[in-house]
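Take a look at the letters that make up each chain.
2 protein chains.
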Amino acid sequence: MRWAVLLAGGSGTRFWPLSTPQTPKQLLPLSGAGSTAEEAVERLTGLIPRERVLVVAGEALAPRLRALLKLPADNFLIEPRAASTAPALIWATWEARRRDPDAEVLSLHADWAVGDAAAFRRTADTALVTARTHDRLVTVGVVPSRPETGYGYIVPGAPLDGAARTVARFSEKPDAATALDLMAAGALWNSGLFAWTARRLLEEVARHTPEVAGALPRLDAGDVPAFFRAVTPLSIDVGLLERSDAVAVVSGAFAWDDVGTWQALARVRPKDPSGNVLVGAGVLQESHDCIVWSERDPVVLCGVKDLVVVQANGRILVMPTERAADMKQLLDALPPEVRDIGP
Amino acid sequence: MRWAVLLAGGSGTRFWPLSTPQTPKQLLPLSGAGSTAEEAVERLTGLIPRERVLVVAGEALAPRLRALLKLPADNFLIEPRAASTAPALIWATWEARRRDPDAEVLSLHADWAVGDAAAFRRTADTALVTARTHDRLVTVGVVPSRPETGYGYIVPGAPLDGAARTVARFSEKPDAATALDLMAAGALWNSGLFAWTARRLLEEVARHTPEVAGALPRLDAGDVPAFFRAVTPLSIDVGLLERSDAVAVVSGAFAWDDVGTWQALARVRPKDPSGNVLVGAGVLQESHDCIVWSERDPVVLCGVKDLVVVQANGRILVMPTERAADMKQLLDALPPEVRDIGP
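Protein chains in written order, with my numbering: chain A, 8 to 350; chain B, 8 to 350.
Just so you know, the hints here were simulated from the structure itself, not pulled from any lab data.
Careful, some of the hints might be misleading.
Any copy, or any two copies together, can satisfy a pair, since identical chains are not distinguished.
[Unchecked claim] Calculated pairs, DSS-like style, for lysine-lysine (alpha carbon to alpha carbon, straight line, at most 27 Å):
| hint | residue 1 | residue 2 |
| --- | --- | --- |
| 1 | K312 | K77 |
| 2 | K278 | K77 |
| 3 | K77 | K335 |
| 4 | K180 | K77 |
| 5 | K335 | K312 |
| 6 | K312 | K278 |
| 7 | K335 | K180 |
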């Protein structure tokens, strides 16, 4: 049967001061009325039933996720520590197989904005079919809409069938010129949407990922904390997909965004005729290409452009949109009493 | 005896959203710890005692002014309507003379920032002495520190004595080139700091200001509302000083600012090494020449310049400092539910 694994961890810094460690972006209604985590589960409707959606997250987020997502209680897999994506996905795949020896797994993240849910499901279905048909680990490559330097790229190789190709290589976060070249050459964004059979994934892990494979007997012994103590944190891309020959890519032509910075709201939210995004009350006068989010006070902009203006959690942030990607450095430089937002 | 007349009216739009009709700028601690109105009274210490400081304002501000200024109750002259400076000053001068037939009057505004109170008092003293000695209406001209286009200028004429000169002409709000020329030619800012004997002022009004002089019998009859109904609103400059030959100018070399816009805070408040003014909590990172005023939430700026950022009265305002002078047009364009701040 088909299972989904939803990665719902996250540190909550990207959308400061709106996001906090207790309410990171996947719990916020960044792209619409619901949180991206709720939208992620909703988007699977008709493809994978809710009782087979597993959610991986840390203890801090568990109560909020349980309340939001309304999944069976034992579908929440609580990581004893954050160890990047390889241990999380391998554990969740191991768990799916424990419940269902013939499990097929679709892996996705809880913080995406997706423009066309039906296209997303069609592509995910193709990826799952490809995973079984070709007995490969399948990564979905999203057709790029811009030469984004913040994403990884997949360069497809030889066709496997009408829908799938081998992977020639991965290219992680290229510079701007390389991103343009990659896009022109037909490379795809490495979205993090994966499909595999649990059996095949675990075979490939045994072959290529000793940092995690060596700890799997702890899971067999029922000791998840010991598993997490024993693994080396690494990403599934670096730890497995870039090492394995049994990888395939299926391309997806839906709008996809990981909503990584305040600037992303300009892509995933409706804009006024001057290119502004306004969430909350406000009046944007003679202003263009601004992103305004106010939890409480009406915001009045007059004669400004390319600004992020946020009021949330008792803080006000004003920065150029082009600086939104520097949020981590900004937060590192803030005094704790301004930076740290209590639960 | 010497009397002061403090003009304390004002509509409360210039420092929106901090200023309101109930709390216009003269009631706000714009330039320091106390309101400019309190500072105006305090600045007279040693020159004119508090029991001879008359305050002219509208009914809306009276309760706040009485509480702040702690002057005798009947020193507050409450205008039944706003009618610009000529009716207000002529009424207050008439009232000073009613209480003291030999009254000398120093007229000033409640919303000034003055850099050197002792120099201010010395100049005011000279102006009062000049008014009596030469039997003239004396205007204090402040030595300009920049070619400001928002002020009026006084071009001095022939010397009357070591301290005073006649007035060759007034030049109201010149364009930038004219302001430079005026400054180079030794013109002075028309501050609104005036001195006269009550007798002489009323003589000159009878001669030159029929718009108000015709209504004076209503004051003699004790009917202030009738006086204000009968006068034509006009400024003391246009209505009298520009018409009279009996005017003198005394120059003042103190820092003087009418704190007319948010941008003025950069002149009257201490700045950090990057030229920012911060009132309230905040962190200004890689930002320069900004003016930040927050009543409640810490404000974090990152990588911006030349911005005004204000949180007050449940509103947030962000505009370039150069647009601060356009506040009235901005407010006219705001929907009432955002613009209007309740008492």
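We went through each hint and held it up to the structure:
For a Cα distance limit of 27 Å, the shortest separation of K312 from K77 qualifies neither inside one copy, at 41 Å, nor across copies, at 46 Å. With identical chains, the CA atoms of K278 and K77 are never at most 27 Å apart, being 32 Å at best within one copy and 53 Å at best between copies. Neither within a single protomer nor between protomers do K77 and K335 lie at most 27 Å apart by alpha-carbon distance, with minima of 32 Å and 51 Å respectively. Taking the shortest Cα distances, K180 and K77 never come within 27 Å of each other, neither inside one copy (35 Å) nor across copies (67 Å).
Taking CA atoms no more than 27 Å apart as the test, K335 paired with K312 passes in both settings, with 23 Å inside one copy and 21 Å between copies. For the identical chains of this complex, K312 and K278 are neighbours both inside a copy (14 Å) and across copies (25 Å), given an alpha-carbon limit of 27 Å. In this homomeric assembly, K335 and K180 come within 27 Å of each other (Cα to Cα) only inside a single copy, at 17 Å, whereas the closest approach across copies is 48 Å.
Hint compliance for this structure: hints 1, 2, 3 and 4 are not met, and every other hint is.
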